[in-house]
Amino acid sequence: MRLTGASLAAAKAALPSFCLAVRQASGHRPSRHPDMKHAFAALLLAGAFGTPVLAQPPQTTQTPQAPQASQSSQAPQASLPQATPAPQGPLWFAQGRPIPEARRAVDALSNAAADGLDPSDYDAEALRQAVHQAASGPVLAADAAARLDAALTAAMERMLSDLHGGRINPRAVHANFAPQEERPYDAATVLREAVAQHRVPDAVRQAAPTFPLYGTLREALARYREIAAQPVWAQPLPALPAGKLAPGQPWAGTAALTARLVALGDLPAGSKPPARYEGALVNGVKAFQSRHGLQADGVIGAGTLGQLNLPMASRVRQIELTMERMRWTPLDGPRMIVVNVPEFMLRAYEIRDGKLDIKLEMKVIVGKALDTRTPLFEEGMRYIEFSPYWNVPPSIAKRETVPRLRRDPAYFNQQGFEFVTGDGKAVTTLSEDNLEAVLNGRMRIRQRPGPVNALGDIKFVFPNNENIYLHHTPTPQLFKRDRRDFSHGCIRVESPVALAQFVLQDMPDWNEARIREAMTRGKSSTVRLQQPLPVVLAYGTVIARADGRVSFLPDIYGHDKLLDKALRQRTGRPSPPAIARAAAARQ
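Under my numbering, the first residue of the sequence shown carries the number 480, and numbering increases by one thereafter.
Derived by calculation from the structure, the hints in this document are not laboratory data. You may find that some hints are simply not true.
Simulated pairs of lysine to aspartate or glutamate, EDC-like, Cα-Cα distance not exceeding 20 Å [unchecked claim]:
(1) 847 x 964
(2) 904 x 915
(3) 838 x 991
(4) 765 x 776
(5) 1002 x 864
All chains should be built: construct the whole structure from the sequences, respecting the hints.
Rendered as structure tokens:
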């Protein structure tokens, strides 16, 4: 029923306060501010039907607004789509009624959580209500339909852009990948074409990353939300006897543990709890441990118990964060090498006809979490060095090598070191003057090719500002460790011959025998690739496999924690422009 008289006047009086709040907050509106959310819903319903759903207008205090530049402490945000009303008329309405694609659009917004996004970022519920009432209530006037149309368009463009390129600048969370504004994506054109072709759900699916891992993560997210709702997580597991539980010991928690492992898929459905901790239950714990970066010995210590007691909401969030990273990690090349740092693994991929083919995978050693972390970026590999020299980085020379040589001069010849002058001349004499020259930047130290060379016998080079590369190692025994962050930042590879074969597969003269001969020759040589091969140093703490197994990895560098904080602190995220314009139009 249409409001008249005092009620209508009250509704109109409330709108200027709302519009003032939108103008004040248009650059810095908290996405979850409750008053703004209610006011926006009231605006949509009032503007659409002339039948305001009255809400208390937000109580605004007109304080001076800080300049835009003063917001630098907030996490940089991804650019937002500029939703401009199309000159040919409304996108979602015909004769004052929403077309079927409008309902599909609000369904997509409401289902944003399936991709780890937050539906409230897109005012999904308010738009759903407004479109529903526009379909079942009075026919909308042209200006009211235009306002609701612009608001729905802006929300959809924002979601498509978020789905395609992420919600924040990756460089704000220690990932040197291109932010959204450097990877153009025309959400407005994508959306308009999808509506015209009646394929809005397809456009939403296609906006998401196409790399197969994203799809398996999406399935895992739905599954772990279901797991989180099960009652087996209501109480923590009982304390362990003497601080740990070994196979064969009695324990009051066997029933609860069995229920959890069944829920997680580490034990088959219908498994019965044993009287003691033994048999299939131990095997279930080993499966759990292997999926969580723990030593799979079946012994439940503090680490395993902590992972078993971790709230499933934390796992859900971990999956969401990994999905967010995939939106801006470049994994779309036909051939590539990807190092997943927290997994300590390298994989070489080929994608043919949309199918992923893992050609190679191997263990790697990455930078130490404490002080020499491996950076995250993408560059093209351009050449391989066989029997390489190792040019000791100045920071390592000053901090480690020079002090060691002063304490132990014999180390110089043992390691095959030499000094190199500014004009490239090699000096093989150890002296205090030469050490001082290194500290002063007039000389550098390098290690000759040989069995103790820090790079091993091969180096894979993808030129970058961080001076990071892949290489072999003279200490392969470290690959037996479960946690492998031991390097100064570069990545040591377990199977260099296999990697070289993958890299050089388009150069058939470089067979395995020739590669091995070049590696052991003792004389440095370089082979340039015919075309650059992308190398991606990535960071994902959840691996979801096609068979349903999901592995959770330790956040060794704290990058997940940083990303979670950045996403939760997006108070600087502006309103969709069309929504702001729709509000301003009510004045």
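Checked hints:
1. Restraint check: the Cα-Cα separation between residue 847 and residue 964 comes to about 5 Å, which is no more than 20 Å; the hinted pair holds.
2. Annotation: proposed proximity of residue 904 to residue 915 holds, straight-line Cα distance about 17 Å (limit 20 Å).
3. Simply put, residue 838 and residue 991 have alpha-carbon atoms about 16 Å apart, close enough for the 20 Å limit, and the pair holds.
4. Straight-line distance between C-alpha atoms of residue 765 and residue 776 comes to about 6 Å, which keeps the hinted pair within the 20 Å bound.
5. For the given pair, residue 1002 sits about 10 Å from residue 864 by alpha-carbon distance, which is consistent with the 20 Å threshold.
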